[in-house]
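Engineer: Residue numbers (this note's numbering), protein chains in the order written: chain A, 1 to 357; chain B, 358 to 699.
Don't take every hint at face value.
To be verified - These stretches of chain B come out as covered by chain A in the derived footprint (C-beta under 8 Å, 3 or more residues):
(1) 448 to 456
(2) 624 to 634
(3) 681 to 689
As the list claims (entries may be wrong) - Label pairs and their computed distance ranges (CB to CB):
(4) T342/A <-> A613/B: 49 to 59 Å
(5) L14/A <-> V546/B: 33 to 43 Å
(6) N584/B <-> K343/A: 20 to 30 Å
(7) L14/A <-> I455/B: 44 to 54 Å
(8) N574/B <-> T342/A: 43 to 53 Å
(9) V689/B <-> K339/A: 25 to 35 Å
As the list claims (entries may be wrong) - Residues of chain A placed beyond 10 Å of chain B at every Cβ, according to the derived structure:
(10) L22
(11) T149
(12) I154
(13) T260
(14) A274
(15) A316
(16) P331
(17) K343
Hints in this document: simulated from the structure, not taken from any laboratory. Remember, it's a predicted structure, so these values are computed and weren't measured experimentally. Every residue gets a Cβ at the ideal spot worked out from N, C-alpha and C, and that includes glycine.
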Amino acid sequence: MDTKKKFNLSLGQLTIPIIAILILVVFNLIRDPSFFSIGITQNNDGNSVLSGNLITVINGASELAILAMGMTLVTAACGGQDISVGAAAAIAGSAFVKILKSGDSISVGTVILAFLFACVVAMIFGAFNGTLVAVFKIQPMIATLILYTCGRSIAYWINGGATPTVQSSIITAIGGFIPGIPVPTPVLIVVIVAIIFKLVFHFTSLEILTQSVGINGSAARLNGINSTFIKLLSFIVLGVCVAVAGCIGVSRLGLINHETLLIDIEMDTILAVAIGGNNLGGGKFKISGSIIGAYVIQMLTITLYAMKVSSTDVKAYKAIVIILLVVIGSPVVKAKFEKLMTKLRSGKAKETVKGAE
Amino acid sequence: MNNIVEKRREPLSDTKLLMTITISIFIVMYLLAMGLLGGGFLHPQQIFDMLNDNASLIIVSCGLTIVMIGGGIDISVGAVTSLVVMSCVLYLNNGGNIFVAVLLALGIGLAFGLVHGYLISYLEIQPFIVTLAGMFFARGMTTILSVNPQKVTHEGFAALRDIKIEISWLGYTAKNGNLVPARMELGVVIAFICVIAVFILLKYLRLGRCFYAMGGNQQSALMLGINVKRTRFISYVLSGCLSGISGFVFMMHTGAGNATNAAGMEMNAIAAAIIGGTLLTGGVGNVIGTFFGVMTLTTIKKIVVSSGLNDPWWQNITTGGMLCFFILLQSVVLSRRNGKKK
Numbered sequence: 001m002d003t004k005k006k007f008n009l010s011l012g013q014l015t016i017p018i019i020a021i022l023i024l025v026v027f028n029l030i031r032d033p034s035f036f037s038i039g040i041t042q043n044n045d046g047n048s049v050l051s052g053n054l055i056t057v058i059n060g061a062s063e064l065a066i067l068a069m070g071m072t073l074v075t076a077a078c079g080g081q082d083i084s085v086g087a088a089a090a091i092a093g094s095a096f097v098k099i100l101k102s103g104d105s106i107s108v109g110t111v112i113l114a115f116l117f118a119c120v121v122a123m124i125f126g127a128f129n130g131t132l133v134a135v136f137k138i139q140p141m142i143a144t145l146i147l148y149t150c151g152r153s154i155a156y157w158i159n160g161g162a163t164p165t166v167q168s169s170i171i172t173a174i175g176g177f178i179p180g181i182p183v184p185t186p187v188l189i190v191v192i193v194a195i196i197f198k199l200v201f202h203f204t205s206l207e208i209l210t211q212s213v214g215i216n217g218s219a220a221r222l223n224g225i226n227s228t229f230i231k232l233l234s235f236i237v238l239g240v241c242v243a244v245a246g247c248i249g250v251s252r253l254g255l256i257n258h259e260t261l262l263i264d265i266e267m268d269t270i271l272a273v274a275i276g277g278n279n280l281g282g283g284k285f286k287i288s289g290s291i292i293g294a295y296v297i298q299m300l301t302i303t304l305y306a307m308k309v310s311s312t313d314v315k316a317y318k319a320i321v322i323i324l325l326v327v328i329g330s331p332v333v334k335a336k337f338e339k340l341m342t343k344l345r346s347g348k349a350k351e352t353v354k355g356a357e
Numbered sequence: 358m359n360n361i362v363e364k365r366r367e368p369l370s371d372t373k374l375l376m377t378i379t380i381s382i383f384i385v386m387y388l389l390a391m392g393l394l395g396g397g398f399l400h401p402q403q404i405f406d407m408l409n410d411n412a413s414l415i416i417v418s419c420g421l422t423i424v425m426i427g428g429g430i431d432i433s434v435g436a437v438t439s440l441v442v443m444s445c446v447l448y449l450n451n452g453g454n455i456f457v458a459v460l461l462a463l464g465i466g467l468a469f470g471l472v473h474g475y476l477i478s479y480l481e482i483q484p485f486i487v488t489l490a491g492m493f494f495a496r497g498m499t500t501i502l503s504v505n506p507q508k509v510t511h512e513g514f515a516a517l518r519d520i521k522i523e524i525s526w527l528g529y530t531a532k533n534g535n536l537v538p539a540r541m542e543l544g545v546v547i548a549f550i551c552v553i554a555v556f557i558l559l560k561y562l563r564l565g566r567c568f569y570a571m572g573g574n575q576q577s578a579l580m581l582g583i584n585v586k587r588t589r590f591i592s593y594v595l596s597g598c599l600s601g602i603s604g605f606v607f608m609m610h611t612g613a614g615n616a617t618n619a620a621g622m623e624m625n626a627i628a629a630a631i632i633g634g635t636l637l638t639g640g641v642g643n644v645i646g647t648f649f650g651v652m653t654l655t656t657i658k659k660i661v662v663s664s665g666l667n668d669p670w671w672q673n674i675t676t677g678g679m680l681c682f683f684i685l686l687q688s689v690v691l692s693r694r695n696g697k698k699k
């Protein structure tokens with residue numbers, strides 16, 4: 001028991017997400033060990049690619065993981081969440097497709113240009129949210145409610161009331177597999193984004209600045225930190241993440257559907273941040289926790305699908321697991337559990353003493 | 358002299374100021390619509406239509422206002438409404454009794470409220486996560502109950518659904534010379550009762566004042582001897598019960614259960630509460646303001662439709678713009694006032 005406790009302490013914030021993923025792995029091992037089998041198959045283009053449930057999990061969670069990274073930063077700096085990421089991703093995706101469709105043929109240059117344009121658009125909307133939060137001091141959830149309400153309609157408007165499709169081998173490569181590489185491209189993109197975050201945190205003091213703004217904004221300001229700018233910056237960074245996620249989402253399907261692109265992802269993203277052990281009230285944060293949180297959610301979903309639960313019913317089971325996770329993680333329950341443990345231990349100690357007598 | 362002016366201004370609290378702004382904007386907007394667009398806006402029936410369509414939204418927003426004043430958030434309300442509709446419809450179709458159906462609606466709402474309240478106030482889990490899980494659970498349960506739309510075939514319920522309160526003096530004469538009275542559904546009456554009950558609770562009862570104290574500053578509320586945990590628990594229970602009532606009213610309006618019922622209602626309710634002057638930080642808000650918030654939201658949508666912006670995206674874009682306007686206005690007004698106080 002003692003060793004387990006030490007193990008808990010050493011992991012700190014990451015305890016819950018890692019325990020959650022372990023529980024899911026053990027559950028799946030008992031249920032059906034073939035869940036973990038990874039094979040190499042030929043896809044339609046004739047490339048040999050990795051396949052299997054585990055790959056589906058890691059591939060499917062890509063957008064969620066990217067959004068969770070940005071959301072962690074916003075949560076830490078502002079003490080609130082952006083509920084407009086799904087809508088903003090639809091806008092970014094529409095902008096991406098708009099540029100792709102403008103020319104006759106799609107070359108690598110067009111795709112890069114379209115991606116940069118999508119980034120700029122998403123950053124503008126991020127800056128809009130950020131201005132409301134940082135300058136006008138509106139709670140993030142309320143401020144982003146505006147874009148949540150009208151975002152998908154704006155995407156519809158950009159598309160001109162249609163759901164345009166894009167057909168290009170480059171787009172298929174982004175959403176699926178690059179010829180010759182067996183790992184899904186979205187997974188590679190997640191790795192690249194994570195490395196960029198790591199490098200930024202390593203070479204700049206963004207991490208510590210964000211934490212101090214989140215813990216106490218006015219104290220940070222008195223220490224010479226421009227807390228308004230940090231908050232704004234966190235929303236702009238989230239904007240870039242949104243653009244990347246939106247472009248992946250569009251590339252996967254090869255079309256933009258404003259209604260269904262990354263639908264309900266805002267709730268899953270916030271959940272990933274919470275499962276990652278980050279305080280939703282701001283302050284200290286760990287991006288790695290959120291990434292693991294994203295994979296926990298996706299693994300849970302895929303496990304339920306493997307158990308033949310229909311896609312609409314998944315939500316109910318997901319809710320039960322979420323509640324169990326947060327109850328286990330709640331400080332009150334932890335304190336009570338520890339009290340119970342010490343009581344049991346002291347009880348045992350007394351018994352042994354009595355026995356000795 | 359200066360003193361008197363100061364004294365007169367002082368009693369207008371943040372709550373009342375924000376509510377006054379909302380009500381005046383609603384009236385100005387409606388008058389403008391009457392003047393510029395005319396048509397349906399000139400008939401009192403327009404207001405009754407708005408009420409008929411939004412009775413359940415009004416009830417849900419009342420519950421949300423209580424929770425938001427207490428400094429929390431409940432995003433499960435729409436999903437609970439949908440679950441209540443579906444379970445009541447299935448129960449009635451399998452030969453149930455209307456009275457028991459009402460109890461079933463209240464019971465489901467109460468169950469959600471109890472669980473949310475316990476997890477949030479006694480286990481201290483973030484309200485957003487708990488009610489998000491509640492929302493997922495209710496939505497999932499709705500589809501587990503039935504994926505296909507279900508129509509109520511119960512005769513007694515059909516009779517109840519078709520009860521319309523007719524107010525003849527507010528009616529208008531149709532082209533063929535018949536007098537068409539203004540019609541109001543039973544749900545609207547229930548909605549009004551809920552609004553008045555919540556208003557009295559918040560304004561005159563000890564419990565209601567505790568909500569404000571708790572939302573304003575939890576530490577000071579604790580110092581005043583308020584049982585903060587129990588008060589927060591009760592606020593979620595009330596919100597759950599009102600979601601249950603709202604579900605029954607929703608069913609009386611549509612007469613059918615559908616898995617996509619009340620989709621996005623939670624966000625509409627939050628938007629209505631914000632427009633009505635309730636702050637998400639807690640401690641400020643008024644249920645009358647929330648009522649006008651719902652009406653303002655609906656009026657905007659009606660205006661967009663009747664002013665010829667037929668493309669499907671305009672309705673949401675205008676709503677978003679209007680929300681932005683209200684949020685900015687409140688932020689500016691409140692920060693100016695706080696600046697003056699210093």
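Engineer: Hints broken by the structure, by number, lowest first?
Structural biologist: 1, 5, 8, 9, 11, 12, 14, 15, 16
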